[in-house]
Structure formats: structure tokens, C-alpha cells
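The lines below spell out each chain.
Protein chains: 2
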Amino acid sequence: MAFELPATSLELRSRVTDGQLELSLVPVALRAPADNEVVVRIEASPINPSDLGLLIGPADISAAVVSGTAASPVVTAPIPAAFMRAMAPRLNESMPVGNEGAGTVVAAGSAAQGLLGKKVAAIGGAMYSQYRIVKAADCLPLPEGATSADGASCFVNPLTALSMVEVMRDEGHTALVHTAAASNLGQMLNRICLSDGVPLVCIVRSEEQAALLRGQGAQYVVDSSAASFRDDLEAALIATGATIAFDAIGGGKLAGQILTAMEVAANKTAKVYSRYGSSTHKQVYIYGGLDMRPTELNRGFGMAWSVGGWLLTPFLVKIGAARAQGLRERVARELKTTFASHYTREISLAEALQPDIINAYNRRATGEKYLINPHKGA
Amino acid sequence: MAFELPATSLELRSRVTDGQLELSLVPVALRAPADNEVVVRIEASPINPSDLGLLIGPADISAAVVSGTAASPVVTAPIPAAFMRAMAPRLNESMPVGNEGAGTVVAAGSAAQGLLGKKVAAIGGAMYSQYRIVKAADCLPLPEGATSADGASCFVNPLTALSMVEVMRDEGHTALVHTAAASNLGQMLNRICLSDGVPLVCIVRSEEQAALLRGQGAQYVVDSSAASFRDDLEAALIATGATIAFDAIGGGKLAGQILTAMEVAANKTAKVYSRYGSSTHKQVYIYGGLDMRPTELNRGFGMAWSVGGWLLTPFLVKIGAARAQGLRERVARELKTTFASHYTREISLAEALQPDIINAYNRRATGEKYLINPHKGA
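Chains A and B are the protein sequences, given in the same order. The opening position of the first sequence corresponds to residue -6 in the numbering used here, with each subsequent residue numbered one higher. The opening position of the second sequence corresponds to residue -6 in the numbering used here, with each subsequent residue numbered one higher.
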């Protein structure tokens, strides 16, 4: 093959020391792939909310200090003392970051030659790196004509959105509620629900976001910033009968407000008063933490309720390889339609360490998403 | 039979009108029992926390006003406006109260003559009444020598405590956490766990309560009022491996603190850092609301967690009649040992409507329990 592997690959690393977060770019020696492995030149990797916990965590970026050189900056930022107990398990470990990405296979082991030169997507961490060694079996070859940017978000958002519908069905519900619903993931979920005939209540935080989703065919959109929010939500829940929500916000009163509105909707059809509230089970799964404040539940929604954390990977393990593969295949088939992602900006590894840019992607603003291209400017 | 049924039976009623709670004693015409029914002269009925929601709800008893006569008082108390939305389903309905009780069968239908003159316990509401018509099949005959007071709390506390152990096993846990653990129910649960070899972490709110439980053989008792509470709880969770808690408190930070301590305990054995926290599922079931403030979860315990409401009746339905009957039979066998209850005071129906006494039983103080004897002073 014509391509000569470089000796080293730059990797973005996140390390927590006593009271501080440190981000840096570390050159890592690049080995030859094993028989069943390939070397992917990573060309696009998104910064998802699910990456930010590991990358930034609770550090105060407004107080960040930059040292090092322009090509190899080092950023340090203080971590408030209250969060250090939770940081104990990762203390002093230099951790690579980046759940998923896509790029070109530039070297392949003897059993993986068929992938050489192909564009592939992969998941598994450490994707904020110039090169990443991946098992051939873990690569998802992109369809003809797809770019690395097209394939960068093949896993986390598409599989999460598809899994929400699977969980809904598995747990006996017939309609869904989603928060931060104008996000890339939320727009995907709306397309899935429209295509699969699943009633979806989209909760957004501005009229602009509501208009965006309505423009994409969403039927039940409620704006949590509107004075009529509680009434609007109740009306949407009565219309759809949704009794399960996936919540990306996590903090504040929203999860409890959803449960309360579900309870009001359930009681509309109740024949007699039950002192313990309706017997309809109401479920909120918190899968993100866009609002890092505590979750506040006033429990004014009877006793048949549950709020819990939800993660994609354990769910995929639980449903088994065959069902999970079916979901992946649907993503590949509909990559440029149902599962299309939109990015606010493409940045280099060095730019990912500039405090003003960190502040921008760490804002977790709905609909904004940053894409790292580890070869930009390199 | 020698006993002549009276024409009416006094019933305690709770009614919510616009902004007000009204408690009163209502004479209700007493009919003859059907073939498969009995008339129980109720002699003892506990005021459980699970009764207080229906009986008092969010009313402000400190502003209660009494009218009517000494024998037939009427109490009214304001309900803060914020709670009226939740009261809508019961508005203007005169509701009988009292989940469970015990007494003597004073009349019986043709198919229930075998119960005549027997002491029985029953569950099903409206037990704060002088006489209650019950299906014979729903009566639990008390063992020889047991008084009505002995049998008054046969169902709610004993079956709840037994069910906690059942849920623990059904959901794959091997040890339990319980809050307000010095309550009558908590003391029962401690006796069950000691007898069944289930490690139990008892969370109490004072050193006095801790001493009480230790005196009853409890091995893992932690006092949430102690400065070392978090460390003590972590140590108890590491020692027991408990990953499920039943919480009677509900409000404030306790449920979250339990999850955090479970997460710390789970991470003690983790080999590698997971950005999403441990994969050990951590469960808190809230089955009471001794603290009526919102539940506050800081979510510093990974993603594998769930907090939910828990109610006895749906659980008994779910496990099926045979298993539920097995639990009931154990209660009858161990009524005066494992399932013995202790009462602070026996009160009449009229006393149950005196504001100072309402304040006393509505305090929900751990270890204090009031028993209504509807024939006291009658």
C-alpha cells in the first residue's frame, strides 16, 4: 500500500488532578494493526453531550488558563470542591475522549484488507485522535457517496433515538415524550416517530425551536418557556396518551412536571377517586444532564411512577446482538435522511482546547453541535 | 343470635371543599349482611401514614376550627392554594377513612355463620366506623387469645414489611436499606430480616432510635443526624452490598444520599473508571411521604439508578393470590411476635377530630402510632 503510517498520533486527553481539570494533546506511538484490525484516519468526530461529562465534567471553564504552545496547548480549569468526591475514581488518570467518529481506513491487518481505503464509522472512545486502531468487526462501512462528516454521528444519536422507541414498546407504552426535542437527536426521533406512526410530544425551550420542529412535521410541540406550558403539556398528553418520557435536561422541575401532567391526563379517564393517584405507571428516563442542577420531584403524581437513569450501551446489551444489529442496519440505510446530522462548526484538536470554543460547545445549546476534525490544520 | 344491629353506624368522613378540609362524624344506615358477608364491630383501627394522606392531606391543622357538638364535632382547616390542583379528583366527595382494623363479628350472612362471634381483622377502607360490613372471604380470623388491638395492624405494616423482602429478592438484590427504620413497620422489618438472614441497613433520625433498634438486634444502624452519617452509610453499604432501599421519608435529599452512598460502595470494587458511573443498578422505592418537601436528586450516582413510588396493593396483585396468601398466613402465625405493634394512645372517633390530637398523630413521629377505637366513650 502507498500510505505510510506516521510514528505517532495526536490524542486529546482529559485529566483530573486535585481540584483541577487539565486538557492536552498527547502524541501516542502508533503501532501496526493486528490481523483483524484496521487503522482509521479519523476525519470527523462529534462533541456529544455524552462526551462532555468525561471531557469537561464540572470544571469551571470561565476560569480556564492556557499554557503550552499554539500547536500543543494545555488548558487547566478549577473544579469546585463539592464535585471532587465524585471525581475520585478518575483522579490523575489521563483519559482519551470521543465516543464515536468516522474516517478512512489507511491500514488494515491481513484479515481486514477488504476495508482498506473505505470510509467507516466506529464507536468505542478515544476518537478525538488523528488515528485510531479499531477491530474490523466494529466498523460500520458508510454507504457510497457518504463523507466522514455524514458518518461521524452514526451511533450515539441514531441508536439512542431508535432505542427510545424500542423501550417504549418493550415497556408497554404507546406514545413518547422527549425533552430538548429540537436537538439533532430530537429531530432524528421526530423523523423516526413520523415514519413509524408513533405519537411524539416534543418539549422545547423556545418558540423558535417549536417552529423548527413544526416545520419538520411534528404534531405535538410544547414550549416550556410559554406561560401556558402546563396546560399545553396536559393537552398533548391527553391527546397522545404518552406515559413514558426521555429527558435530556435532568435538572430542575421538568421531569416532575412531566409526571404531574401525565397524572392529570390519566385521571381524566379515571372513574373513581384513588387516594394514591392513578394506577397508570408513569416513567421518565433521564439520559442527559443539560441542566446540571438537582432533579426536583414534588411527588404530586400519585405512587405509580419511576424516574431513572438511562444509558444506550446497557440497553443494547440487554436486547441482544440480533436486535441491536437490526437497529445499526437501519441507521446505515437511512444515514442521509432519517439520521442526518447538522454541525455548527468544524474545529481542530487545538481549537477544541481554546477556552472561548470550549465555552461554546460546553453550553450544550439545543441544535448546536461541534465536529472535531483531528487533521484540520495539521 | 342475641345481638341486635343498631340502625346506624358512625363513620369518620373527610371532605375537601374549595380551599378547605372538613372532618366530621356521619351516622350511616346499617343494612343486614348479604349471604357471604359479616358485620364487624370495629374495635381497633390504626392511624397509619398511609391513612393520613386521605384523612388530612395538605390541610393546615394549626389553623383548624371546631364546630358542632362534643359528641359530633366538625373540624375545618384551610388547604393552601398550591395543593388544590392535586385535590381536584376528590373535591366535594365525603370520603370514609381507615385502611384496616379489627373487631368482633356481630352478624353474619347465611354462608358466613362460622365467623359469628369471632375476632377478625380486615382491610378495605372505611374502618374508622363503628360497624363495617365485610366479605367473609376478606376477613382474617385472629389467633386464639388475640385482642382486636393485637389484630388492628394485621395488613398494612406486616404485608408491607414482608413485601419489601420479596421485592428485594424478585429484583435480584441481596440486602436492604430502610429509612424511618425505628417505626413500627421498621421494627417488624428488622425482626423479619433477622429471622430470614437478610442484611438490613436501618437509617434513623436520632441516637435514641438507633439505640432502640440496636437493642432489638439490628446490626447496621446509621443515624442521619450524626456528622458522620455519609461515612457511616457508605461503610454499612460496603459491608452489606445493599443496592435497594425502601424510603418512607420521600422529601429532601435522603433518597439521593442513599444512591450516592450505594454508588461509592459499588465503585470500591470497580476495576476501571467508567465515565457513566458503576453499572450496578441502584434502586430507591419511596413508599411514604413523612417529609412532604420535594425529593431532591443531585444525580451524582452514575446512570444505573431508579427512584420510584411503591404501593403495597399493586405489588400483591402482581405476585398473585397464592404468594399473597402465603404472606398473610405468616402474619397470622407470628402476630404476637414478629408482627406485634405498639400504640401511643387509643382514641375515640370524637377525639380523632380534636385539633390537638390531630396535630399529635399528624406529626408522623417515628415510633408514635394512634389507635382509633370507634366504641370508646360511645
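Please keep in mind that the hints were generated in silico from the structure rather than gathered at the bench. Owing to the predicted nature of the structure, the values given are computational and were not obtained by experimental measurement. Hints are not guaranteed to be accurate.
No copy labels: a pair is met if it fits in one copy or bridges any two.
[Claimed, not checked] Calculated pairs, DSBU-like style, for lysine-lysine (alpha carbon to alpha carbon, straight line, at most 35 Å):
| id | residue 1 | residue 2 |
| --- | --- | --- |
| 1 | Lys261 | Lys329 |
| 2 | Lys246 | Lys128 |
| 3 | Lys261 | Lys246 |
| 4 | Lys111 | Lys261 |
| 5 | Lys111 | Lys311 |
| 6 | Lys311 | Lys246 |
Query raised in the report: Which earlier hints turn out false for this structure, listed by number in ascending order?
Result: 1, 2 and 4
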